[in-house]
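Q: Sequence:
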Amino acid sequence: MADMDTSLKEIMQIEGAIGAALADYTSGMALGTIGGSKDLDLAVAAAGNTDVVRAKLRAMEMLNIKETIEDILITLDNQYHLIRPITGRAGKGLFLYVALLKGRANLAMARHRLRSIEEGLDV
319 MADMDTSLKE IMQIEGAIGA ALADYTSGMA LGTIGGSKDL DLAVAAAGNT
369 DVVRAKLRAM EMLNIKETIE DILITLDNQY HLIRPITGRA GKGLFLYVAL
419 LKGRANLAMA RHRLRSIEEG LDV
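Here this note's numbering is used: the first residue of the sequence shown is 319, the next is one more, and so on.
Note that these hints are calculated values from the structure, not bench results.
A few of these clues could be false.
Pair by pair, the computed Cβ-Cβ distance ranges are [what the hints assert, rightly or not]:
#	residue 1	residue 2	range
1	A361	D389	16 to 24 Å
2	M319	D395	16 to 24 Å
3	T324	H430	13 to 21 Å
4	N424	M347	29 to 37 Å
5	A320	D359	22 to 30 Å
With a Cα cut of at most 30 Å, we get these calculated DSS-like pairs of lysine-lysine [what the hints assert, rightly or not]:
#	residue 1	residue 2
6	K356	K374
7	K327	K374
8	K356	K327
9	K374	K410
10	K420	K356
11	K410	K384
12	K384	K374
13	K327	K420
C-beta: ideal position from N, C-alpha, C; glycine also.
Let the hints inform the model, and build the full structure from the sequences given.
A: Dropping the structure here:
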């Protein structure tokens, strides 16, 4: 099991990663961040993406969908943004977020690697 800092460092090893965060979608707070730039404020991104997660959970509830979210993908002109809710009981209400450069990232491999990191995360 890896701690938060180790897991965030592992996320940054994904090809094309430009920033990552572990966030709480109940409070909107980033518990940890790594990377980013003047154009990518990870605390702001984490807070904003809590609304995305909450909206999807509400929509699933209204539709009576009993499945869990594996990940949420947002595709921009030059970036992929991946949101992966933590599935373990200790991680309830938390999600991993990673921004990737579209031209450098392999989306399938990034999703696979993020799933593996999430499964090994000890929060």
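Q: Hint by hint, which ones does the structure fall short of?
A: 2
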